[in-house]
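Student: One-letter residues, chain by chain:
There are 2 protein chains.
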Amino acid sequence: MATTLADVKETKDAYVFVVDVPGPRPNMINVKIEEDNVLVVSGERKKEKEKDQGIKYLRMERRLGKYLKKFVLLNNVDIERISAECQDRVLTVTVAKKLPPEQKKPKGAFTNP
Amino acid sequence: MATTLADVKETKDAYVFVVDVPGPRPNMINVKIEEDNVLVVSGERKKEKEKDQGIKYLRMERRLGKYLKKFVLLNNVDIERISAECQDRVLTVTVAKKLPPEQKKPKGAFTNP
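Residue numbers (full-length UniProt numbering), protein chains in the order written: chain U, 1 to 113; chain G, 1 to 113.
None of these hints come from the bench; they were simulated from the model.
Check the hints yourself; a few may be wrong.
Copies of the same chain look alike in the list, so a pair counts if it works inside one copy or between any two.
To be verified - Lysine to any residue pairs mimicking SDA-like chemistry, simulated, CA-CA at most 25 Å apart:
hint	residue 1	residue 2
1	K70	E102
2	K98	N37
3	K51	R81
4	K66	P101
5	K47	T94
6	K56	F71
7	K56	D13
8	K66	T11
9	K97	E44
10	K51	D88
11	K47	I33
12	K98	V38
13	K66	A96
14	K12	R59
15	K47	E102
16	K32	R59
17	K9	Y67
18	K51	N37
19	K66	V38
20	K49	E102
21	K69	E34
22	K32	K49
23	K47	E85
24	K46	I79
25	K66	A14
26	K32	K98
27	K51	E102
28	K12	E44
Please model the entire structure based on the sequences and the hints provided.
Tutor: Below is the structure:
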């Protein structure tokens, strides 16, 4: 399993998960919610196709294979309002916090004319 | 010091160094040759500027700071013929192998009319 590193940030309205994804292809990244409160990011770094057939690897540190990262979400998030974008091999998933309950207007309150 | 991982490949004509660079900005990566035979890749991953001022970090695994990677070159390379490109946070440095010495044309050889 390849390694992925992540930062988690909290803003006023959301939690933001920033993940370094190893592969260059955003369409090979899966983002899903499991059991209503676990954010799962997974994918696979595949070997790049070589134009030249006569290539010999002298060193291979950049790990290939599947990667998986899980984050337990707090119960103040709204899992219906999630967005994800990937740029330069950095995946950013934003999970909105629940909106505060709407305050009822006081009945019969005076209004300015 | 942030970690960088690299692959090294040998083709018929060159050695190719493929480095995962941590920062997203290619203009902050330095590539140079030291002591005629050491390829040095260095740079710095800086903290991204936050639009939102009220951000709190809950987790920070993605390391910030300087990184440095050195590769000792074999003596069959031509350090005058080096190229580098960076895409999707992958830096590829190609160092050409020395050309074989030109073979002298045999003197007085017959040529077809």
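Student: With reference to the structure, classify each hint as holding or not holding.
Tutor: Against the structure, the hints:
1. For the identical chains of this complex, K70 and E102 are neighbours neither inside a copy (32 Å) nor across copies (59 Å), given an alpha-carbon limit of 25 Å.
2. For the homomeric pair K98 and N37, the shortest alpha-carbon distance inside one copy (13 Å) is at most 25 Å, but the shortest distance between copies (58 Å) is not.
3. Taking the shortest Cα distances, K51 and R81 sit within 25 Å of each other only across copies (20 Å), while inside one copy they are farther apart (42 Å).
4. Proximity of K66 and P101 under a CA criterion of 25 Å is satisfied in neither setting, with 41 Å inside one chain copy and 46 Å between copies.
5. For the identical chains of this complex, K47 and T94 are inter-copy neighbours only, at 19 Å across copies versus 29 Å inside a copy, given an alpha-carbon limit of 25 Å.
6. When the C-alpha separation of K56 and F71 is checked against a cutoff of 25 Å, the pair qualifies only between copies, where the shortest distance is 17 Å, while the shortest distance within a copy is 39 Å.
7. For a Cα distance limit of 25 Å, the shortest separation of K56 from D13 across copies, 12 Å, qualifies, whereas the shortest one inside one copy, 50 Å, does not.
8. Taking CA atoms no more than 25 Å apart as the test, K66 paired with T11 passes in neither setting, with 30 Å inside one copy and 27 Å between copies.
9. Proximity of K97 and E44 under a CA criterion of 25 Å is satisfied in neither setting, with 30 Å inside one chain copy and 33 Å between copies.
10. For a Cα distance limit of 25 Å, the shortest separation of K51 from D88 qualifies both inside one copy, at 23 Å, and across copies, at 19 Å.
11. For the identical chains of this complex, K47 and I33 are neighbours neither inside a copy (28 Å) nor across copies (28 Å), given an alpha-carbon limit of 25 Å.
12. Taking identical chains as interchangeable, the C-alpha atoms of K98 and V38 lie at most 25 Å apart only when both belong to the same chain, with a minimum of 16 Å there against 54 Å between chains.
13. Taking the closest pair of Cα atoms, K66 and A96 never come within 25 Å of each other, the shortest separation being 28 Å inside a single copy and 33 Å across copies.
14. With identical chains, the CA atoms of K12 and R59 are at most 25 Å apart between copies only, with a shortest distance of 16 Å across copies and 45 Å within one.
15. Within a single copy, K47 and E102 get their C-alpha atoms no closer than 51 Å, and across copies no closer than 37 Å, so neither meets the 25 Å cut-off.
16. When the C-alpha separation of K32 and R59 is checked against a cutoff of 25 Å, the pair qualifies only between copies, where the shortest distance is 20 Å, while the shortest distance within a copy is 34 Å.
17. Taking the closest pair of Cα atoms, K9 and Y67 come within 25 Å of each other both inside a single copy (21 Å) and across two copies (24 Å).
18. Proximity of K51 to N37 under the C-alpha cut-off of 25 Å is found in neither arrangement, the shortest distances being 43 Å within a copy and 27 Å between copies.
19. In this assembly of identical chains, the alpha carbons of K66 and V38 lie at most 25 Å apart only when taken from the same copy (19 Å versus 33 Å across copies).
20. Taking identical chains as interchangeable, the C-alpha atoms of K49 and E102 are never at most 25 Å apart, the minima being 54 Å within one chain and 33 Å between chains.
21. For the identical chains of this complex, K69 and E34 are intra-copy neighbours only, at 12 Å inside a copy versus 39 Å across copies, given an alpha-carbon limit of 25 Å.
22. Taking the shortest Cα distances, K32 and K49 never come within 25 Å of each other, neither inside one copy (28 Å) nor across copies (28 Å).
23. Proximity of K47 and E85 under a CA criterion of 25 Å is satisfied in both settings, with 23 Å inside one chain copy and 19 Å between copies.
24. Within a single copy, K46 and I79 get their C-alpha atoms no closer than 30 Å, and across copies no closer than 31 Å, so neither meets the 25 Å cut-off.
25. In this homomeric assembly, K66 and A14 never come within 25 Å of each other (Cα to Cα): the closest approach is 28 Å inside a single copy and 30 Å across copies.
26. When the C-alpha separation of K32 and K98 is checked against a cutoff of 25 Å, the pair qualifies only within one copy, where the shortest distance is 18 Å, while the shortest distance between copies is 51 Å.
27. When the C-alpha separation of K51 and E102 is checked against a cutoff of 25 Å, the pair qualifies neither within a copy, at 59 Å, nor between copies, at 27 Å.
28. Neither within a single protomer nor between protomers do K12 and E44 lie at most 25 Å apart by alpha-carbon distance, with minima of 33 Å and 29 Å respectively.
In terms of the numbered hints stated before, the structure departs from hints 1, 4, 8, 9, 11, 13, 15, 18, 20, 22, 24, 25, 27, 28, listed from lowest to highest.
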